[in-house]
Amino acid sequence: MAGDSGDGMQLAGSRFTDATAVFGNDLATLPDFPAEIRAPAGTVAGVSAFQIHFASRDILTPGDAPDVLVAMNPAALKANVALLRRGATILVNEDAFSVRAIQKAGYQQSPLEDGTLDGFTVKRVPMSSLTTRAVEGLDGVSSRDAQKAKNLFALGVLSWLYDRPTDVTERWIRGRFKGPVGAANLAAFRAGWSFGETSELIDVQVKVDPNTDVAPGTYRNVNGTEATALGLIAASVKSGLPLVFGAYPITPASDLLHALARRHDMGVRTIQAEDEIAAASMAVGAAFGGALGVTCTSGPGLDLKTETIGLAVMLELPLVVIDVQRAGPSTGMPTKTEQSDLLQALYGRHGESPLPVLAASSPGQCFEAVYEAARIAITYRTPVILLSDLFVANSSEPWRIPDAASLPPIDPRLRTTTSGPFLPYTRDDNLARPWAVPGTPGLAHRIGGLEKADRTGAISYDGKNHARMTKLRGDKVDGIEVPDLEIHGEADADLLVLGWGSSYGTIRAGARRVREGGGRVATAHLRHLRPMPANTGALLRTFERVLVPEMNSGQLAHELRARYLVNVESYGKVEGQPLLPSELEQEIWQRLS
Amino acid sequence: MAAPELTKADFQSDQETRWCPGCGDYAVLAAVQAFFPELGIPPERIMFVSGIGCAGRFAYYMDTYGMHGIHGRGPALATGLAAARDDLSIWVVTGDGDALSIGGNHLIHALRRNVPVKILLFNNQIYGLTKGQASPTSERGKVTKSTPFGSIDAPFNPLSLALGAEATFVARTIDTDKQHLPAVLRAAAAHDGAAFVEIYQNCPVFNDGAFDALRDKRRGAINRIYLEHGAPIRGVVRAADGTLRLGDDGEPVVHDAHREDPSFAFALSRLSSTPDGPTPIGVFRDVQRAVSGRDLFAELQAARAGATDASLDALMRSGDTWTVS
Ligand SMILES: Cc1ncc(C[n+]2csc(CCOP(=O)(O)OP(=O)(O)O)c2C)c(N)n1
Ligand code: SF4
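Chains Z and W supply the protein sequences, listed in that same order. Position 521 of the first sequence, counting from 1, maps to 521 under full-length UniProt numbering, and the rest follow consecutively. Position 257 of the second sequence, counting from 1, maps to 257 under full-length UniProt numbering, and the rest follow consecutively.
Bound-form chain Z, shown alone (with noise of 0.2 Å):
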């Protein structure tokens, strides 16, 4: 669904997905927001597009080439044709091809006339007319109301054509509009619905029926970012310790910020910082208070961390800070998706400063992921970066909501009472040292970023001292017990895609389809980056050929071959656009023939 950033098309794709996921279809989300704020209406620049790909088994990622287009106005049409697959149908919105708004989207002549969309399915409606039809005549509806409801229109007749329930879709309008608004949203609705029923245009409904293999329980549509906020506040519950969150505003970071702010009501307290140094500072300084102290970002903004996370490295003390990746390097593409920061996250301080780095790799799964981050931070005293990305944090996906009771454990042992002296750089047998807080009698200590003696805490500059705690501090991180690597298909498999991150469902997605035309392929997936899987360099070497897709020039390929002395071969984009399954179903069969 395309039209310009004031058509409404988020509204209209959520509105879809929820109507698909109370349905029972399997489905993946991707909204495609526009660069420019406020771009001229009409252009290229201003299309603002959602994505969705649903069906009655598992689906991996948002689709590559979609099968149907609803276009709004010539510019949705223009950036988005390319991406169809050859065959599909197109929705086009007819009323909004005036000469002035074709010229404008940068066609010399209508598309629809000139041959352009040959090979396609076009089907024109007069949307903006047709909603306008419909809602004459209801009280207080001005022309303007009847502009702003054609998203619904077009909501309405997808919403036929895929058969799906509209009685979702109206308790949603009704609940979210009131008035004469309210009244033309859905009566555009239904008109569009209407349409597609009665029209000769759109002769076919196409059936997709529910997804009858998934488990059992409680789902609910979420996107990454949202996912990750939940993570973190349970993490907060669990553990019983407050969670303070701070951020500096970073697109696509900033949208996490936004969630917790809302939430008061868990106790979460975020604060806006003046800088990112600032934000991750404030992280270190509530956690030194005992509390869970978090921080995100995105690429700019990692680069000011850095010299804070080394802190937290030397302190030794618990902070989560979330990287959502975007096209760098500096400003790059701010808007554009990329997993480019791997190395950073696990190299780019000064000294040696070891942390374990994890990696989401689906929106539901960022759940887990930043759970689990905070977990090892909490449990081993250590800064942890999770990489997150802004295809995997904008993206959503159907999450089977998990029971609060079921989550792992989170027990902070906090340090309230010590037989002697107390000495911070003790450590159990996870190699942590005691975390001890402000207000605790008997245990005040002073810490620091120069070198500590081991045990004591105090500042060393000896050499054999700093060499062992240098080791100290690796052997911690390497230490951290993550689950081994698991394959995907058959363990002699021809080939090996090894993939990490959000790029989890397209490699799934690629993989199968070789696997259904008779490829020999298999797929693992790194959510662990530091430390990896003890099985991993053992993995890598029982298949003849290892694939590493990722969205950088191979990174993860780099590291791999570094640490386990393995030929890896790397599929690098860094086109600012997730993988494709289809491309990688591509590069699979290159290599399996």
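Hints were generated in silico from the structure; no laboratory data involved. Treat the hints with care, as some may be off.
[To be verified] Sample of chain Z residues lacking proximity to chain W, with all beta carbon distances greater than 12 Å (derived):
| no. | residue |
| --- | --- |
| 1 | A82 |
| 2 | L83 |
| 3 | S98 |
| 4 | Q103 |
| 5 | G106 |
| 6 | F120 |
| 7 | V181 |
| 8 | L343 |
| 9 | N430 |
[Stated by the list, open to error] So the derived label-pair ranges between C-beta atoms look like this:
| no. | chain 1 | residue 1 | chain 2 | residue 2 | range |
| --- | --- | --- | --- | --- | --- |
| 10 | Z | L343 | W | G319 | 31 to 41 Å |
| 11 | W | Q133 | Z | D462 | 20 to 30 Å |
| 12 | W | F149 | Z | L343 | 39 to 49 Å |
[Claimed, not checked] Which stretches of chain Z does chain W cover? Using the computed rule of at least three CB atoms under 8 Å from a CB of chain W, they are:
| no. | segment |
| --- | --- |
| 13 | 217–228 |
| 14 | 284–291 |
| 15 | 447–459 |
For each residue, glycine too, the CB sits at the ideal point set by N, CA and C.
Given the coordinates of chain Z, work out where chain W with the ligands should sit on it, guided by the hints.
Just chain W with the ligands now, with coordinates in the frame of chain Z:
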């Protein structure tokens, strides 16, 4: 059972102090350690946060909770701690380079937010720890290793800056003034909100004598203008054009630290920018304003106390859900 009286020794950590002989930091440390028992706050409820610099070492020497952070970020670290805990007495120790150069942004925002922390700025008008470069308070023309031909940059007036940042408590004192320094600390501790205290601190190694006009017994007696709320300010008058001036040609001025309008305190702060002549010391401004996060604490604490598996379940299940059986 009444808690035993605290003494100076209760605040002395076992870390060996490592400042240069004669450094003004020793005098401040001794005064602070001697003063703290008076607050009646047990050491475990006190936190010292510092940045990097000679002054930053301060945090190691107080037998309280402490964090020696990173250069300039002390106020940000302290802000985070204050967001997590409202039951602590939080003090930040910083230098002129730490607070006004690399950490300038955090300083002004901590003051603007009125975070309940006490910020002690040890101003020696030089970078001590890095061995003698010009600092943002070094006077124009100052010859240092990094400014061999004299500094070409104008210095900050730290008090004017703090006032411009909406600070609710602004004061100045001198490292060796054994009566005045604790008096200012007392007022800062009593202030509800962010307190900013500039302490003139001699660095005998890299900038010796910078404050002699005030530290020296004989000259100091002439040059120190002690500010006392409600008392006339010695040697300061309101001139015919309404401005505050040093001298005796005009109306006597009575000090009002509680004046809402910061322009009075600002005018006082402008009377001397380099301490080589008569200089006001004491509390310039002490007013009330909403304290950062104060109203939120009870609400968030209550919410957390009520946050159980059940409320987490309810939150996770909010919005449109569906069930597959
Ligand atoms: C990021 C960073 N940059 C530079 C330094 C080096 N450095 C340490 S202290 C300091 C200046 C200290 O001057 P000041 O704050 O006036 O404190 P003093 O030593 O005089 O007490 C500098 C530049 C550092 N520690 N960290
Ligand atoms: S360099 Fe100056 S400020 Fe630093 S310890 Fe020595 S005398 Fe004190």
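Q. Checking against the hints above, which ones are violated?
A. Of the numbered hints given earlier, the structure breaks none, since each of them holds.
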